[in-house]
Amino acid sequence: MLEIRNLRVHFYTRPVPAVDGIDLTVPDGEIVGLVGESGSGKTVTATAAAGLLDRGACEVSGRILLNGEDLLTLPARRLTALRGRAVGMVFQDPAAALDPLMRAGKQAGEALALHTKLPKSERKAAVLQAFRDVELPDPERVYNAYPRELSGGMQQRVMIASALVSSPSLLLLDEPTTALDVTVQAEILALLKRLNAEKGISMLLISHDLNVVRHVAKRVAVMQGGKLVETGETEALFRAPRQDYTKRLIAAAPKPFGGAAGVRMRGDAGSE
Amino acid sequence: MKTLLKKTASLLLTLLLTSFLVFLAFELIDGDPARTMLGDQATEQRVQALQAELGLDKPFFTRYIGWLGGFVTGDFGVSFSYRQPVWEILAPKLGPTAVTGALAFLLITVCGLPLGLFSAHWKHPAVLAVRTFFEQLIMAVPPFVLGIGLSWGFGVVLHAFTPGDFPALSEDPLGAVRYLFFAALALAVPRIAMTARMLRMSVSGELGRDYVRASMARGATRRQALTRHVLKNALPATVAFLAQTMAELVGSGVIVEQVFGVPGVGRLLVASIGNRDYPVVCTVIVMLAFFVLVSGALADAVNLMIDPGRRGGKSHA
Numbered sequence: 014m015l016e017i018r019n020l021r022v023h024f025y026t027r028p029v030p031a032v033d034g035i036d037l038t039v040p041d042g043e044i045v046g047l048v049g050e051s052g053s054g055k056t057v058t059a060t061a062a063a064g065l066l067d068r069g070a071c072e073v074s075g076r077i078l079l080n081g082e083d084l085l086t087l088p089a090r091r092l093t094a095l096r097g098r099a100v101g102m103v104f105q106d107p108a109a110a111l112d113p114l115m116r117a118g119k120q121a122g123e124a125l126a127l128h129t130k131l132p133k134s135e136r137k138a139a140v141l142q143a144f145r146d147v148e149l150p151d152p153e154r155v156y157n158a159y160p161r162e163l164s165g166g167m168q169q170r171v172m173i174a175s176a177l178v179s180s181p182s183l184l185l186l187d188e189p190t191t192a193l194d195v196t197v198q199a200e201i202l203a204l205l206k207r208l209n210a211e212k213g214i215s216m217l218l219i220s221h222d223l224n225v226v227r228h229v230a231k232r233v234a235v236m237q238g239g240k241l242v243e244t245g246e247t248e249a250l251f252r253a254p255r256q257d258y259t260k261r262l263i264a265a266a267p268k269p270f271g272g273a274a275g276v277r278m279r280g281d282a283g284s285e
Numbered sequence: 636m637k638t639l640l641k642k643t644a645s646l647l648l649t650l651l652l653t654s655f656l657v658f659l660a661f662e663l664i665d666g667d668p669a670r671t672m673l674g675d676q677a678t679e680q681r682v683q684a685l686q687a688e689l690g691l692d693k694p695f696f697t698r699y700i701g702w703l704g705g706f707v708t709g710d711f712g713v714s715f716s717y718r719q720p721v722w723e724i725l726a727p728k729l730g731p732t733a734v735t736g737a738l739a740f741l742l743i744t745v746c747g748l749p750l751g752l753f754s755a756h757w758k759h760p761a762v763l764a765v766r767t768f769f770e771q772l773i774m775a776v777p778p779f780v781l782g783i784g785l786s787w788g789f790g791v792v793l794h795a796f797t798p799g800d801f802p803a804l805s806e807d808p809l810g811a812v813r814y815l816f817f818a819a820l821a822l823a824v825p826r827i828a829m830t831a832r833m834l835r836m837s838v839s840g841e842l843g844r845d846y847v848r849a850s851m852a853r854g855a856t857r858r859q860a861l862t863r864h865v866l867k868n869a870l871p872a873t874v875a876f877l878a879q880t881m882a883e884l885v886g887s888g889v890i891v892e893q894v895f896g897v898p899g900v901g902r903l904l905v906a907s908i909g910n911r912d913y914p915v916v917c918t919v920i921v922m923l924a925f926f927v928l929v930s931g932a933l934a935d936a937v938n939l940m941i942d943p944g945r946r947g948g949k950s951h952a
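In the order they appear, the protein sequences are chains A and B. Residue numbering for the first sequence follows my numbering, beginning at 14 and increasing consecutively. Residue numbering for the second sequence follows my numbering, beginning at 636 and increasing consecutively.
Among these hints, one or two may not hold up.
Straight-line Cα separation of at most 30 Å, BS3-like style, residue types lysine-lysine; simulated pairs [to be verified]:
| hint | chain 1 | residue 1 | chain 2 | residue 2 |
| --- | --- | --- | --- | --- |
| 1 | B | K641 | B | K867 |
| 2 | A | K130 | B | K641 |
| 3 | B | K867 | A | K119 |
| 4 | B | K641 | A | K133 |
| 5 | A | K231 | A | K260 |
| 6 | A | K137 | B | K693 |
| 7 | A | K119 | A | K137 |
Chain B side only, calculated, beta carbon under 8 Å to chain A, not exhaustive [stated by the list, open to error]:
| hint | residue |
| --- | --- |
| 8 | S850 |
| 9 | R853 |
| 10 | G854 |
| 11 | H864 |
| 12 | L866 |
| 13 | K867 |
| 14 | N868 |
Distance windows between CB atoms, simulated [unchecked claim]:
| hint | chain 1 | residue 1 | chain 2 | residue 2 | range |
| --- | --- | --- | --- | --- | --- |
| 15 | B | G886 | A | N157 | 39 to 45 Å |
| 16 | B | V937 | A | E148 | 56 to 62 Å |
| 17 | B | G701 | A | N157 | 52 to 58 Å |
| 18 | A | K212 | B | P943 | 34 to 40 Å |
| 19 | B | K758 | A | R18 | 29 to 35 Å |
| 20 | A | D151 | B | A726 | 57 to 63 Å |
| 21 | A | R27 | B | F925 | 41 to 47 Å |
| 22 | B | F753 | A | G238 | 51 to 57 Å |
| 23 | B | S645 | A | E148 | 42 to 48 Å |
Note that these hints are calculated values from the structure, not bench results. We put the CB at the ideal spot given by N, CA and C, even for glycine.
Just chain A, with the same shape it has in the complex (with noise of 0.2 Å):
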């Protein structure tokens, strides 16, 4: 379980907090959505959580407890253990998040090397089953391709294999589908629903785009300016928001299955 409470972040190279004293719970096993526009601080939440913030270059406040140990407190060698093992990260360009000199199969099992003495050939098997799991055809290949040579589908797989290999509690996804085609989108988020249920993997979804989050996600969290707006569940957040902000964000998302919206919304991506 993942819980914030009060999380201050403040990059000294910038005049306001980037995240301004929230407060948000991931319950095991579900899935949360965090949205909101570019800039409103979604992106560094989910950094934060991860903890993979510099902390050289912000001022952070706060706690951000990961089944009860609080990420900001914990000394750095238990952080980069517990960054491999409990919680796993998916980012929104795999092409960009993939070392393009790298076989993605060893890629994806790099948490294995870094933090187990699981033998190379345990390691692969590992891999391979993850891969399946995310349904990735013809893992052999795969195993043993560069990324520039899978599709950016395939590349998020493996970058979601990548994060699961370890068996984490906890996914934050961060914009997982926006650099991918719509058809692709739909699958990997039916992909994360079912992992969710299969495997009980709670996640945290950051989309600035509603539809996204809203078929996935049971709880939503919108974000504006580095605070929270308004949290609630779903499907009675989409009916009846109350924040105006939240209102103009669903009334500026493409209608569902209105495909060409969803495709000109693609262009102004973006996660912070």
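Given the structure of chain A, go ahead and fit chain B onto it with the hints provided.
This is chain B only, laid out in the frame that chain A set:
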């Protein structure tokens, strides 16, 4: 295999073109080898006799084809001014030049690369300012100025070597290498700064990429992300830069040899241009061009090994 064939063909074509241009340049510039050799006092008759002897009375293309035919069969011709086969003059000069270049290249890689990696971690503004100052200063100093400074400092003041008194490589190899070390230093120092700067920029560029964050999200420390991912990605640009450095060493080497009085290929080249001794000049230039082209091809091959996907033409950069 096909790529190799294509590369070889383009290499040979470039060399052919180079030799032609050098030959053409001699046709265009002022000065006749025979007149240069005989001096101002020579009679027109003697000049014409010497021209006939050297084959200079024949048309341009006949001379070029003749030279080329000899060159490809391993006969580099006879030097006008020394009246000796070019190879006999050139061979003893190769050693000092090769040793100087190799020493300089060694210094550049051994000092420049670690310095670049090391200085990538510096963050303190004062340290950065000092770094920038020295970098700019060192890069701005031309090798011949540095060469004069080093000759004076190590030669005249510290007596680490005697400028102008080069011990023969075959008789006193250690003394010769010691002498050449200072010439190599003059060649290497500006390029050490450039290499360090280049590697640092390439590494810090790579460090900001998403795959570094992704690797850290999998539990890698910053250092692990650096060694596992960043170095390999920063390498192709560095290798290409080092190949370019090798090529530039050839050019600066000519000047540094003058300053240090090293009896190498560079000095031979400068003297031969003055004497309009084109059999020597053409041979030396084609050799240097060959070296430059081969170091470029070598860099390509190394980068292909690092990143086999390049073959497909699509680069990640």
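Hints versus structure:
no.	hint	verdict
1	B:K641 x B:K867	holds, 28 Å
2	A:K130 x B:K641	violated, 48 Å
3	B:K867 x A:K119	holds, 15 Å
4	B:K641 x A:K133	violated, 40 Å
5	A:K231 x A:K260	holds, 19 Å
6	A:K137 x B:K693	violated, 73 Å
7	A:K119 x A:K137	holds, 8 Å
8	S850	holds, 6 Å
9	R853	holds, 4 Å
10	G854	holds, 2 Å
11	H864	holds, 5 Å
12	L866	violated, 10 Å
13	K867	holds, 5 Å
14	N868	holds, 6 Å
15	B:G886 x A:N157: 39 to 45 Å	holds, 44 Å
16	B:V937 x A:E148: 56 to 62 Å	violated, 38 Å
17	B:G701 x A:N157: 52 to 58 Å	holds, 56 Å
18	A:K212 x B:P943: 34 to 40 Å	holds, 35 Å
19	B:K758 x A:R18: 29 to 35 Å	holds, 31 Å
20	A:D151 x B:A726: 57 to 63 Å	holds, 59 Å
21	A:R27 x B:F925: 41 to 47 Å	violated, 56 Å
22	B:F753 x A:G238: 51 to 57 Å	violated, 41 Å
23	B:S645 x A:E148: 42 to 48 Å	holds, 46 Å
The structure is inconsistent with the numbered hints 2, 4, 6, 12, 16, 21 and 22, although it conforms to all the rest.
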